[in-house]
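*Asks:* Letter by letter, the chains look like this.
Protein chains: 2
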Amino acid sequence: MNGAESLLRTLVHSDVDVCFMNPGTSEMQFVAAADKEPGMRCVLGLFEGVVSGAADGYARMAGKPAATLLHLGPGLANALANFHNALRANTPIVNIVGDHATYHKKYDAPLASDVAAYALPVSGWIKEVEDAKDVPTITQEAVKASLQPPGQVATLIVPADCAWSESNEAATSKIERPRAALVDETAVESAAMGLRSGEPAVILLRGRALSAEGLEWASRIANKTKVRVFCDTFTSRIERGAGRATVERLPYFPELIVDTLAGTKHLIIVGSKPPVGFFAYPDKPSWLTPDDCQIHTLATPEQDGIDALSRLAEALSATSTEVSYTSLNKFEMPQGQLSLETIGMTVAALLPENVIVAEEAITSGFPLLPMTANSPPHDWLMVPGGAIGGGLPMATGAAVACPDRKVLSLQADGSAMYTLQALWTQAREGLNVTTVIYANREYKILNIEFDRVGAGEQGKVAHDMFSLDQPALDWVKLAGGMGVPAKRITSLEDFGKTLAAYLKEPGPNLIELVL
Amino acid sequence: MNGAESLLRTLVHSDVDVCFMNPGTSEMQFVAAADKEPGMRCVLGLFEGVVSGAADGYARMAGKPAATLLHLGPGLANALANFHNALRANTPIVNIVGDHATYHKKYDAPLASDVAAYALPVSGWIKEVEDAKDVPTITQEAVKASLQPPGQVATLIVPADCAWSESNEAATSKIERPRAALVDETAVESAAMGLRSGEPAVILLRGRALSAEGLEWASRIANKTKVRVFCDTFTSRIERGAGRATVERLPYFPELIVDTLAGTKHLIIVGSKPPVGFFAYPDKPSWLTPDDCQIHTLATPEQDGIDALSRLAEALSATSTEVSYTSLNKFEMPQGQLSLETIGMTVAALLPENVIVAEEAITSGFPLLPMTANSPPHDWLMVPGGAIGGGLPMATGAAVACPDRKVLSLQADGSAMYTLQALWTQAREGLNVTTVIYANREYKILNIEFDRVGAGEQGKVAHDMFSLDQPALDWVKLAGGMGVPAKRITSLEDFGKTLAAYLKEPGPNLIELVL
Chain D
1 MNGAESLLRT LVHSDVDVCF MNPGTSEMQF VAAADKEPGM RCVLGLFEGV
51 VSGAADGYAR MAGKPAATLL HLGPGLANAL ANFHNALRAN TPIVNIVGDH
101 ATYHKKYDAP LASDVAAYAL PVSGWIKEVE DAKDVPTITQ EAVKASLQPP
151 GQVATLIVPA DCAWSESNEA ATSKIERPRA ALVDETAVES AAMGLRSGEP
201 AVILLRGRAL SAEGLEWASR IANKTKVRVF CDTFTSRIER GAGRATVERL
251 PYFPELIVDT LAGTKHLIIV GSKPPVGFFA YPDKPSWLTP DDCQIHTLAT
301 PEQDGIDALS RLAEALSATS TEVSYTSLNK FEMPQGQLSL ETIGMTVAAL
351 LPENVIVAEE AITSGFPLLP MTANSPPHDW LMVPGGAIGG GLPMATGAAV
401 ACPDRKVLSL QADGSAMYTL QALWTQAREG LNVTTVIYAN REYKILNIEF
451 DRVGAGEQGK VAHDMFSLDQ PALDWVKLAG GMGVPAKRIT SLEDFGKTLA
501 AYLKEPGPNL IELVL
Chain B
1 MNGAESLLRT LVHSDVDVCF MNPGTSEMQF VAAADKEPGM RCVLGLFEGV
51 VSGAADGYAR MAGKPAATLL HLGPGLANAL ANFHNALRAN TPIVNIVGDH
101 ATYHKKYDAP LASDVAAYAL PVSGWIKEVE DAKDVPTITQ EAVKASLQPP
151 GQVATLIVPA DCAWSESNEA ATSKIERPRA ALVDETAVES AAMGLRSGEP
201 AVILLRGRAL SAEGLEWASR IANKTKVRVF CDTFTSRIER GAGRATVERL
251 PYFPELIVDT LAGTKHLIIV GSKPPVGFFA YPDKPSWLTP DDCQIHTLAT
301 PEQDGIDALS RLAEALSATS TEVSYTSLNK FEMPQGQLSL ETIGMTVAAL
351 LPENVIVAEE AITSGFPLLP MTANSPPHDW LMVPGGAIGG GLPMATGAAV
401 ACPDRKVLSL QADGSAMYTL QALWTQAREG LNVTTVIYAN REYKILNIEF
451 DRVGAGEQGK VAHDMFSLDQ PALDWVKLAG GMGVPAKRIT SLEDFGKTLA
501 AYLKEPGPNL IELVL
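Heads up: the protein sequence lines correspond to chains D and B, in order.
FYI, the working numbering numbers position 109 of the first sequence as 109, with every residue one higher than the one before it.
FYI, the working numbering numbers position 135 of the second sequence as 135, with every residue one higher than the one before it.
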């Protein structure tokens, strides 16, 4: 058994059974190995940003890592932006990167590079195989490293000769999934003290605490102590909608977060950090928590936030307190003109039960979350790292993880262009993804940010750098070029009809919504 | 004058007057500054790989660097693969990357990262501005660093507050372009001795030595000493065609290079290194020069290869030796079926004088270079770093550099997908680029390499990972979706007619050649 075969089999035995890939010459043995190991599902991306973003979306929904297979330093480079998003989402990913054969490296061939240096900014764990015999051991290490709470990108570099040389048999022992550490009682006590004080307090959640279970505990605590529960502006996944406990979202702009937290004396943090400005702006604060607010870190991202919340509830005698479950309250289909508001109402009215919403709608997305609060239960995925181009791949990976669920991919046109190749993978794999492109034909966020950073009057250059209308992108053609059926929509009525129909159809489809 | 204004004006005074960009919030002041500085041409790319690849193609043709403007670590990450190609092409680029405001970094906002770490694998020079006042000085340093022979990517990191804070006036002093060092006389003597020996010898050229002037000197030497002149398999630019001195190209596969160099006793190297395998293969050599061959490094990439060649010619009394100029010998338009050979003949028959060929046709490209050897004089650009997706952006940048020349972009369908967003920039800027997509609907090179690395029989997974036909990409739609007129061609006759017409039309257009 060669190194590649041992690696693939070890992965499958370690319950890593999906590999998103864009392989090259140095990874041919892995492709051959996959043909001998039917337990591994191989999904091709035509660009590496699709591969890394899909692995991110997959793990968020599957609750376990996918593998990625990439070609040398430049192939890894193309995947880095979405690995940055995975880093900020605390997503476990087993990232396999091929490299030149060990003995070939000294020749500095055209594609040679320091692969580990490329991996460094996004990886919590990096190791390079030096001997094919070590493959099974190191592969298990990599899987375990990826699962290290709260989850991280573990990069395993495999020189070509370590893939084609004789290795040891695959490791078949079950991997003990590392458990998140329980918080100290002092953390629970501190939070309880803050909440018992009767002073204004806020609970801020992130990560696993935004699961249905975590939200229930937070809701009990909030109802007992009369405080508000928030999640970060961008989070990896929220279980929300009717029948789930409510959570508010922190706003995007820093001055709005300052307003939201004004007067707060106790900030109870679970799996997150005190909120800071997404960007700095002249004359606006970066640090957004009031100066006289006490910060109680109930659980760090590495710790078990749900256990911590349950113990906090116990400390506050809130274990039997009622949970504020969201009621089902569907919007009626709106009438009138296309606007962000009527589009949001339409999405809310049509949102099917159990749908996975993958959202990177940027400025167009702001109204969506509040409007869908009372829709049937669903999952909501965002791009917590802010690296543009996370959305389409994330939707793709989520659909691979959950073949029986529909994915609704809500996208801005500007951000969709970074990783549009994801549509081809959706067509290739027949994934149940309905994409809605909010085509405002500009980088609207930059139009807003230009003013906010005090850059002055916009001239022709600024206009040209922010507009996407010269020429306008034609998303019906772009999607069609990759095998995804698509329609251009210019009226609210057509949007409602088409979205309703598309959500019922199997396979991918796309709506270009001209704003 | 704020830091961004000072930076932009310093660039323009330093003769860097084109900026390829994909800016974000932290770069808004640069956009505003560009509106006040009409000397800077700003070109938007909808993905950062387009930005870096276009800057590479631009500098190769303009003979001076462009600037790139990128947004934080992830924006830079998306540009890295084509910066790797620039690194291997020794292309000067002034790479400006915005970062969070200095005081904002400690808050570890979602998009925060170690920007310098991202830049490290591809940059020959990296500096971060710490005080807006230093901007003009450091900007001049960056330009000078980029021009350090043979040319490199110089990365200048500018925190947002250094862009918006008051700076010193722009630097207006002319930048003394660093000159390549002249080689020692011993290097000339060593090469001359080898060539005088009468033993079989080969001259291997790269970089500036492949200019018309360098090739003439090499031809004189070759004619005097009866040796062959080669260029590397992949080079940044060759001035070739009728009226230029001939040069042969080293083959791609290592065993063919071994055959080519068999019996060679003296390898005279100008601006290159001894050839090595692009990849390692089991049981095939990485080092391709015969063991008993003496290697004479006449000039390193950092040194002045043209001067070295002229001095070698002098040492060999070859300064008045005749140059073997290529004769003009156009192919007749071929008849018959579409094949790589007839396509190559058609391209050769129609190649207009002074055209710039930007080629990333991978397996489909092998016949092209020999067939166009006797076409009218032209420039040929390749992707020396081997990072896939260099071609379309390279063509885009070359067209910006040379608005009065036609660019013929010869592309494989698989590689074109990595950076297809370049087509939009071609449409936006009205660039004179005719793209031919060789649509074999597979990663054909991987089909070949799979066998060569001894990966065994191909099964279904291998087939699926190498094929692009399920669904087939529709390049007419993809191009149309970005505003580039396109035609699908399935017969040789139509190809000839359409290519002839497209090469005469202004603006971009695209031919999907179904193989």
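Honestly, I wouldn't trust all of these hints.
[Claimed, not checked] List of simulated lysine-lysine pairs, DSSO-like, C-alpha gap at most 30 Å:
| # | chain 1 | residue 1 | chain 2 | residue 2 |
| --- | --- | --- | --- | --- |
| 1 | B | Lys174 | D | Lys36 |
| 2 | D | Lys444 | B | Lys106 |
| 3 | D | Lys127 | B | Lys64 |
| 4 | B | Lys174 | D | Lys460 |
| 5 | D | Lys284 | B | Lys127 |
| 6 | B | Lys284 | D | Lys133 |
| 7 | B | Lys133 | D | Lys105 |
| 8 | B | Lys105 | D | Lys127 |
| 9 | B | Lys444 | D | Lys106 |
| 10 | B | Lys330 | D | Lys460 |
| 11 | B | Lys460 | D | Lys460 |
| 12 | D | Lys265 | B | Lys105 |
| 13 | B | Lys36 | D | Lys133 |
| 14 | D | Lys284 | B | Lys265 |
| 15 | B | Lys36 | D | Lys284 |
| 16 | B | Lys224 | B | Lys330 |
| 17 | D | Lys144 | D | Lys105 |
| 18 | D | Lys36 | B | Lys64 |
| 19 | D | Lys273 | D | Lys284 |
| 20 | B | Lys330 | D | Lys105 |
| 21 | B | Lys265 | D | Lys36 |
| 22 | B | Lys36 | D | Lys444 |
| 23 | D | Lys106 | B | Lys133 |
| 24 | B | Lys265 | D | Lys273 |
| 25 | B | Lys144 | B | Lys127 |
| 26 | B | Lys36 | D | Lys127 |
| 27 | D | Lys105 | B | Lys504 |
| 28 | D | Lys174 | B | Lys460 |
| 29 | B | Lys105 | D | Lys444 |
| 30 | B | Lys497 | D | Lys284 |
| 31 | B | Lys106 | D | Lys284 |
| 32 | B | Lys106 | D | Lys273 |
| 33 | B | Lys133 | D | Lys460 |
| 34 | D | Lys64 | B | Lys460 |
[As the list claims (entries may be wrong)] If you want a taste of the chain B side facing chain D, the calculated C-beta under 7 Å gives, among others:
| # | residue |
| --- | --- |
| 35 | Ala427 |
| 36 | Gly430 |
| 37 | Glu449 |
[Unchecked claim] Chain D residues, not near chain B, derived (Cβ > 12 Å throughout):
| # | residue |
| --- | --- |
| 38 | Thr25 |
| 39 | Pro38 |
| 40 | Cys42 |
These are computed hints drawn from the structure, not numbers from a lab.
Ideal placement from N, C-alpha and C gives every residue a C-beta, glycine not left out.
*Asks:* Hints first: check each against the structure and report whether it holds.
*Replies:* Hints, verified against the model:
1. As the CA atoms of Lys174 of chain B and Lys36 of chain D are separated by approximately 63 Å, the hinted pair breaks the 30 Å bound.
2. For the proposed pair Lys444 of chain D and Lys106 of chain B, the alpha carbon gap of about 28 Å is at most 30 Å, so the pair holds.
3. Taken as a hint, the Lys127 of chain D and Lys64 of chain B pair is broken in the structure, with Cα atoms around 40 Å apart against an allowance of 30 Å.
4. With a C-alpha separation of about 29 Å, the suggested pair Lys174 of chain B and Lys460 of chain D falls inside the 30 Å cut-off, and the hint holds.
5. For the hint linking Lys284 of chain D to Lys127 of chain B, the alpha-carbon distance of about 27 Å falls within 30 Å, and the restraint holds.
6. Of the pairs offered as hints, the one joining Lys284 of chain B and Lys133 of chain D holds, with about 22 Å between alpha carbons and a cut-off of 30 Å not exceeded.
7. Restraint check for Lys133 of chain B and Lys105 of chain D: the C-alpha separation of about 43 Å exceeds 30 Å, so the hint is violated.
8. Of the supplied pair hints, the one linking Lys105 of chain B and Lys127 of chain D holds, its CA atoms being roughly 28 Å apart against a limit of 30 Å.
9. Using a Cα cut-off of 30 Å, the hinted pair Lys444 of chain B and Lys106 of chain D holds, with the two alpha carbons roughly 28 Å apart.
10. About 46 Å separates the Cα atoms of Lys330 of chain B and Lys460 of chain D, which puts this hinted pair outside 30 Å; it is violated.
11. With a C-alpha separation of about 53 Å, the suggested pairing of Lys460 of chain B with Lys460 of chain D is violated against the 30 Å cut-off.
12. Pair hint Lys265 of chain D plus Lys105 of chain B holds up; C-alpha atoms about 26 Å apart against a cutoff of 30 Å.
13. At most 30 Å may separate the alpha-carbon atoms for a hinted pair to count; Lys36 of chain B and Lys133 of chain D exceed this at roughly 62 Å.
14. Of the supplied pair hints, the one linking Lys284 of chain D and Lys265 of chain B is violated, its CA atoms being roughly 70 Å apart against a limit of 30 Å.
15. With a CA separation close to 26 Å, the supplied pair Lys36 of chain B and Lys284 of chain D stays within the 30 Å bound.
16. For the given pair, Lys224 of chain B sits about 29 Å from Lys330 of chain B by alpha-carbon distance, which is consistent with the 30 Å threshold.
17. Of the supplied pair hints, the one linking Lys144 of chain D and Lys105 of chain D holds, its CA atoms being roughly 28 Å apart against a limit of 30 Å.
18. Our distance criterion of 30 Å between C-alpha atoms is broken by Lys36 of chain D and Lys64 of chain B, whose separation comes to about 52 Å.
19. A distance of roughly 19 Å separates the Cα atoms of Lys273 of chain D and Lys284 of chain D; the hinted pair therefore holds under the 30 Å criterion.
20. As the CA atoms of Lys330 of chain B and Lys105 of chain D are separated by approximately 42 Å, the hinted pair breaks the 30 Å bound.
21. Among the hinted pairs, Lys265 of chain B with Lys36 of chain D is inconsistent with the structure: their alpha-carbon atoms are about 47 Å apart, more than 30 Å.
22. For the suggested pair Lys36 of chain B and Lys444 of chain D, the alpha carbons sit about 22 Å apart, so the restraint of at most 30 Å is met.
23. This hinted pair does not check out: Lys106 of chain D and Lys133 of chain B have alpha carbons roughly 43 Å apart, beyond 30 Å.
24. Between Lys265 of chain B and Lys273 of chain D, the direct Cα distance comes to roughly 66 Å. Violation of the 30 Å bound is thereby established for this hinted pair.
25. Distance restraint check for Lys144 of chain B and Lys127 of chain B: the Cα-Cα separation of roughly 13 Å lies within the 30 Å cut-off, and the hinted pair is therefore satisfied.
26. The suggested pairing of Lys36 of chain B with Lys127 of chain D is violated, with an alpha-carbon distance near 49 Å, which exceeds 30 Å.
27. Taken as a hint, the Lys105 of chain D and Lys504 of chain B pair is broken in the structure, with Cα atoms around 46 Å apart against an allowance of 30 Å.
28. Among the hinted pairs, Lys174 of chain D with Lys460 of chain B is consistent with the structure: their alpha-carbon atoms are about 29 Å apart, no more than 30 Å.
29. Between Lys105 of chain B and Lys444 of chain D, the direct Cα distance comes to roughly 25 Å. Compliance with the 30 Å bound is thereby established for this hinted pair.
30. With a C-alpha separation of about 61 Å, the suggested pairing of Lys497 of chain B with Lys284 of chain D is violated against the 30 Å cut-off.
31. Distance hint between Lys106 of chain B and Lys284 of chain D is fulfilled; the C-alpha atoms sit about 16 Å from each other, no more than 30 Å.
32. A C-alpha spacing of about 13 Å is found between Lys106 of chain B and Lys273 of chain D, which places the hinted pair at or below 30 Å, so the restraint holds.
33. The straight-line distance between the Cα atoms of Lys133 of chain B and Lys460 of chain D is roughly 28 Å, inside the 30 Å bound, and the hint therefore holds.
34. Using a Cα cut-off of 30 Å, the hinted pair Lys64 of chain D and Lys460 of chain B holds, with the two alpha carbons roughly 26 Å apart.
35. Nearest Cβ of chain D to the Cβ of Ala427 of chain B: about 5 Å, under the 7 Å cut. The hint holds.
36. Proximity of Gly430 of chain B to chain D is violated relative to the hint, the smallest CB-CB distance being about 10 Å (cut-off 7 Å).
37. For Glu449 of chain B, the suggested interface contact is upheld, since its CB lies about 4 Å from the closest CB of chain D, less than 7 Å.
38. Residue-level check failed: Thr25 of chain D sits 4 Å from the nearest beta carbon of chain B, not beyond 12 Å.
39. The Cβ of Pro38 of chain D sits about 9 Å from the closest Cβ of chain B, inside the 12 Å cut-off, so the non-interface label is violated.
40. With a closest Cβ-Cβ approach of about 5 Å to chain B, Cys42 of chain D is found to fall inside the 12 Å limit, against its non-interface label.
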